[in-house]
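Sequence lines, in order, name chains A, B, C and D.
Read in numbering that gives the first Met the number 0, the first sequence has 327 at position 328, and its numbers run on one by one without any break.
Read in numbering that gives the first Met the number 0, the second sequence has 62 at position 63, and its numbers run on one by one without any break.
Read in numbering that gives the first Met the number 0, the third sequence has 353 at position 354, and its numbers run on one by one without any break.
Read in numbering that gives the first Met the number 0, the fourth sequence has 256 at position 257, and its numbers run on one by one without any break.
One or more hints might be untrue.
[What the hints assert, rightly or not] Reference listing, derived: stretches of chain C covered by chain D, where coverage requires no fewer than 3 residues with Cβ under 8 Å from a Cβ of chain D:
| id | region |
| --- | --- |
| 1 | 120-128 |
| 2 | 200-206 |
| 3 | 217-229 |
| 4 | 342-348 |
[What the hints assert, rightly or not] Between beta-carbon pairs, the in silico distance windows are:
| id | chain 1 | residue 1 | chain 2 | residue 2 | range |
| --- | --- | --- | --- | --- | --- |
| 5 | D | R246 | C | Q12 | 52 to 58 Å |
| 6 | D | E297 | A | D273 | 56 to 62 Å |
| 7 | D | E14 | A | E97 | 34 to 40 Å |
| 8 | A | I239 | D | Q12 | 39 to 45 Å |
| 9 | B | V339 | A | E323 | 29 to 35 Å |
Since the hints were made in silico from the structure, they are not lab data.
Just so it is clear, CB atoms sit at the ideal spot from N, CA and C, and this is done for glycine as well.
4 protein chains.
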Amino acid sequence: MTTIKDSVHDHIQVEGVAADLLDTPQVQRLRRIAQLGTVKLVYPSANHTRFEHSLGVYHLASRALEHLSIEGVQAERIRAAAMLHDIGHAPFSHNVEELLHRHTGLYHDDVEELIADTAVADVLADHGLDPDRVAGLIAGEGKYGQLVSGELDVDRMDYLVRDAHHTGVPYGTIDHERLVRELTFVGGELVLDEGNVQTAESLLVARALMNPTVYTHHVARISKAMLRRATERLLDAPDIDADVVRRMDDYDLVTALRMNDGTAEFARRYDSRDLYKRAVWAEYHDVPESVRSADPAELRDVEADVAESCELDANEVIVDVPAEPGMTESTSEVLVNGEVRRLEDQSPLVTALRTSQREQWRLGVYTVADATGRVGRAAAERLGLDIDGALVADVTPGVTATLDEFDGGAR
Amino acid sequence: MTTIKDSVHDHIQVEGVAADLLDTPQVQRLRRIAQLGTVKLVYPSANHTRFEHSLGVYHLASRALEHLSIEGVQAERIRAAAMLHDIGHAPFSHNVEELLHRHTGLYHDDVEELIADTAVADVLADHGLDPDRVAGLIAGEGKYGQLVSGELDVDRMDYLVRDAHHTGVPYGTIDHERLVRELTFVGGELVLDEGNVQTAESLLVARALMNPTVYTHHVARISKAMLRRATERLLDAPDIDADVVRRMDDYDLVTALRMNDGTAEFARRYDSRDLYKRAVWAEYHDVPESVRSADPAELRDVEADVAESCELDANEVIVDVPAEPGMTESTSEVLVNGEVRRLEDQSPLVTALRTSQREQWRLGVYTVADATGRVGRAAAERLGLDIDGALVADVTPGVTATLDEFDGGAR
Amino acid sequence: MTTIKDSVHDHIQVEGVAADLLDTPQVQRLRRIAQLGTVKLVYPSANHTRFEHSLGVYHLASRALEHLSIEGVQAERIRAAAMLHDIGHAPFSHNVEELLHRHTGLYHDDVEELIADTAVADVLADHGLDPDRVAGLIAGEGKYGQLVSGELDVDRMDYLVRDAHHTGVPYGTIDHERLVRELTFVGGELVLDEGNVQTAESLLVARALMNPTVYTHHVARISKAMLRRATERLLDAPDIDADVVRRMDDYDLVTALRMNDGTAEFARRYDSRDLYKRAVWAEYHDVPESVRSADPAELRDVEADVAESCELDANEVIVDVPAEPGMTESTSEVLVNGEVRRLEDQSPLVTALRTSQREQWRLGVYTVADATGRVGRAAAERLGLDIDGALVADVTPGVTATLDEFDGGAR
Amino acid sequence: MTTIKDSVHDHIQVEGVAADLLDTPQVQRLRRIAQLGTVKLVYPSANHTRFEHSLGVYHLASRALEHLSIEGVQAERIRAAAMLHDIGHAPFSHNVEELLHRHTGLYHDDVEELIADTAVADVLADHGLDPDRVAGLIAGEGKYGQLVSGELDVDRMDYLVRDAHHTGVPYGTIDHERLVRELTFVGGELVLDEGNVQTAESLLVARALMNPTVYTHHVARISKAMLRRATERLLDAPDIDADVVRRMDDYDLVTALRMNDGTAEFARRYDSRDLYKRAVWAEYHDVPESVRSADPAELRDVEADVAESCELDANEVIVDVPAEPGMTESTSEVLVNGEVRRLEDQSPLVTALRTSQREQWRLGVYTVADATGRVGRAAAERLGLDIDGALVADVTPGVTATLDEFDGGAR
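Make the full structure from the sequences, and use the hints.
Next comes the structure, spelled out in structure tokens:
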């Protein structure tokens, strides 16, 4: 048994299979994967890692298992899944995940291979656990998969409160202890017990407020877009493979970007926080559906055209189109008057939060500081944006203020 | 200048008129007025007082004035109003406020008399401040009244974060420092500066989540209803006047209830937290409009009838009808793209929160523990409740669980 | 089982005998006993009560029992003792304890009678627990008494961290979770396990820093001395008995002081925080041994003489002589290299802290604000103080600053 | 003006020269220098960086300047020094500082060159500040140098509270706001104002408790010693220069260690936290003076001899001799009764803390896990240790427990 001091949950007691998993290179690597990727360029204290988060998720899983009276091999399997749930992350966590998925077909929770072929497999075998079932839990499969990856999972409980602690933004400060205590299974579904409509709402609200303030802060989005573009260029190099990049840590990726000719300028910009600025920042209803659903190749063409027309390097124009909002509908469930009800049917907040998401959606076009004006105009035209609504950098009066919207009070 | 250590804002520097006001009996009395009245029977750490809250409001007002560059006599007047804004509170804060209003015509922010006739007047005079204008600010009058009493006032910012600190319920943990920094005046209106839609939402959400969990927790409502009934009985005594009760502190009121024959049993119940239980807990749409808008005299008749039919003392049945929900509409304003917009028009959350309020509304009927069944049935019939929907204590199966709804995880 | 939300330990789960004890009037009364007495006049947020502290002590005791693998009836007895350990407190906790002891022969931990003759006895009987053994644990008797009342008891762990939370003074913020985890029994002695020299030191240091800053802050001492004097006068009244005062709560005592002619002025001063000031503030080596060991009657004579010579009312001069420092020697023990060692022999800090205590010792003479000068001189002479060293109010130049020593940054 | 959100001080307002310095590569590089080096291998949340610490020091310096009423160019110079005070740090902060000093003659506060020859110089010139005077402040020179680098500097105030926040160890939680408020200059000396003996003690005590628990935790020492040895080997490579290593960031150094044949095994061990174990852990009085004062070359000979005799690689034995304890005597000063006194003369704690330091001093010999026994014996003999006292790994019974001494509750 090992006891580890954590700045969020205080003492975390690590036992059984989890204690052995802790010492595998796959878990130790998470010490060098930033939990929030480039968000640290916005909130300088946000240097926390996937490693401490994994410990936190393991801790909350253990507490939940206690309250749910789940014991034995099933519990060990869930604790193992909690500890391992993020080992599939690429450097900078979600920042380059989509890009790597296009090359490898794998997301961060596709960990079967990682669990089967590494030191992790040996540890699981020592403890008599089936690697496939552990991987299944991480992918959210089965009744108990909901605890590790679902609407009420301990993953989200840990990251909200941990991100709040490390950024200093209080919105994520949920009552995680209450959440863990109130989890219960009804007919195979993980739900919150009677009297927890507000508890469930608070979880959704916390995420809804953290989203624009932290996770999709415009500076985080710009730096992430630049990192993604740089990594794309890195993958153009003959000797670097997406599978290798996926298993790098942050140190590897940053160093690789520094050493590669095609990406050195991006590395310099990252290192000195010399970021692109917004040329366009357009609301959902001002962006044609065809643009919102364009595939990466189409967007690369747009970028190339705009760059060319503005006499810029192709790397100097980035079009950043977020996924459609509200795609992931909330399926949280609560017990009300003895019935399992969807939170959505019980709380007007849930629908409102979904609408908010659409209101916060923004298409961004980013470029070097002295070209925002001409790139803004060229991009708006090429993308067929409604010029009046879309904010194009030097066209709209009062733009400086407006562009700071969602700024979270931070750089 | 005095520096005071506060558990919420750390060091509070009290200067000028505020330092002198601090030493008046009217302000010192607030040390013995519980900020949340009987909520301490739900959350045992919630023993904070109107005194420390007043210091906090003064502190935030000073910070806001700094950011707004308001100086001189106007600033002194606002700081005086901040320090004095709660001196009109009766014992147990809002708990018996409506009752006393029926007798005295005064709410807690009707403080003209208190400011004019006491040591407070002398202090204001010493500093050349007009008592009426200070009282006006406390009542929310004029441009600067918004800072002390309005949708974006520093009063709410302090109480949310202070109540969270002392109850342990994290929902009130707003980013008050950001709120204070982002206040600005546009055309005489106090609004939040560009980029603060989430900041404004977070304030509303915090209150919306604290409401059912803390402020209107059913145990807080029951104990408050009992205290109100007891105080009503106290006022029946020949020698006790509502004006006197209004100026009591918590110590006086509790002791008076103990010593008065008609209220001693209430005092015993309060002292040993031996509270009535819910006999009825009915949702908004199950309660006839005529009941929802009944005046106190009508409700007293209902109580008497039900008590009689159940062979109980008249004090042993309490019908508790909250005000209509959503009456106080949100008028928070934010600056968006250079325009002042009502938060309501900008944020789908605001409407949703109003709807939530109606969903959380409950009529309660409370009585002694062994009579909940018969009182529930009698009251439901007398009030014309939709029996199926309304929860009547021993009728509905699974009632224990249901009755714990909104329980905030606490007794 | 009841779950209670606490602002210090978050959710506290109360079970078994403790849940039933919670509902007794003896425990509920603690809601109205201020944990730190008049310290709230220095730190306005310090309104916490013996009730929430008792819950905290119960909680830490439960955690310690878990780590020590103590179960069954022994554990229930300890949990009962933890919940009940403070029911013997008089109003304002320690403030009038000595005074009442002179009249009743009882300290706050003399609870045999209280446990035997009240509702508490019935609850203990229901759970098959022997009242005498529970009272013994509270008095610190036997092996397990050390957990409830000893050098490493959970009482101290809770109060340090709780007082820090509520005053805002961080010095008490110990690592209580580590302390509880590292407790172990060696040969019947409760000690800290290997590797905890610093853990033990931190507990002593926390108390050593909280002492002058919070517990014996000069304003706390003055207001406590005034309360003690007022209560002494109250006991002079024909119809008021020390046994009755001992079982009052804060509300009772304050109201009694207000209603009694001989104490009304003290009550007014307490209510409006209109406190006496220091006339003398003398260091240990400047005070004759005979004064340091004088009994209360002798001091009353001094007070009367000084008051008379200064033409003041006898109530207007208070001589405040703290107990000899360092009487309670530290007997904390730690395991080092497999041996149980006294912390004192292991840590040079312990001896230093004892010396510090003597350096911080001060005799105080307090009086009305406009008489400090003449009372200072008269008292210094009457007590035979070394005038040069002793600070007498208007004699010493720069006295304002000096008198603020140990002021904790607060009023 | 920029406002930055910090998890320790909340909103930090960066203005004037500091805002421009923030954007220099020299300051941005600090984002990639771990504040506590390898301590993160003990406390997994301790991923904070020199960048956020520099912001914090700048913030506290600004607050102190306000309280001290220092304005104009002097204030700008101090704020610049606060922001820049750590730009001279090598990767992993202090971990390889001594080693690099042997090669370059520079410590982290030797920043003249860095300030003179880089973008920093341009910014200082733009603001009319003399680089040499800023460098002087960083080195602690002159009256105002005490604020930036001295016994009562804001550097220490920030790091204690920040390290506590990020490790989760509460001992560093000082009352930094009070400290900053109570600073004052008397005759050119920076001292704490009247009434702050405890405030000064608390700063020393915080450091004294953080030292063994965090900064010199044995796992931090082992990993630091391994990193130092690895960096030594790296400097043996023909193409790597100490000046270059000094200007690397953590990413560079870790990657360089991975890519260099002679250090790859160290890198692997660091990456997977596969650390050496203690073979010897000897107290001060058991180590001959000649060993305690041995120079690095002599210790390398010892290591080589022991390794050879145990048939290990020379890299597999590390002898770790800390500096003599108590060398840096405390010169904190406080105002008592209008006189400036050395805290040392006023507080018995100070001397005790110095003695403690010697008691905590340990010589360590580290090696691969399966060789601790034979290396322990060989090293003890070669170093002439008093075998009975010194803990040699497999010789002393009960050694596992003992070796965990000073373990801080963490891995």
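Status of each hint after checking the structure:
1. Here the region 120-128 of chain C counts 0 residues with a CB under 8 Å from a CB of chain D, which misses the bar of 3, and the coverage is violated.
2. Counting residues of the region 200-206 of chain C whose beta carbon lies closer than 8 Å to any beta carbon of chain D gives 3, which meets the minimum of three for the stated coverage.
3. With 0 residues having a beta carbon nearer than 8 Å to a beta carbon of chain D, the region 217-229 of chain C misses the requirement of three or more and the stated coverage is violated.
4. For a cut-off of 8 Å, the count of residues in the region 342-348 of chain C with a CB near a CB of chain D stands at 4, and the three-residue condition holds.
5. For the pair R246/D and Q12/C, the supplied restraint of 52 to 58 Å holds, since their beta-carbon distance comes to about 55 Å.
6. For E297/D and D273/A, the Cβ-Cβ distance of about 48 Å falls outside the hinted range of 56 to 62 Å, so the restraint is violated.
7. Taking 34 to 40 Å as the suggested C-beta distance range, the pair E14/D and E97/A conforms, at roughly 39 Å.
8. Against the hinted window of 39 to 45 Å, the Cβ-Cβ separation of I239/A and Q12/D comes to about 43 Å, which satisfies the hint.
9. Under the hint 29 to 35 Å, the C-beta atoms of V339/B and E323/A, about 31 Å apart, fit the expected range.
Hint compliance for this structure: hints 1, 3 and 6 are broken, all remaining hints hold.
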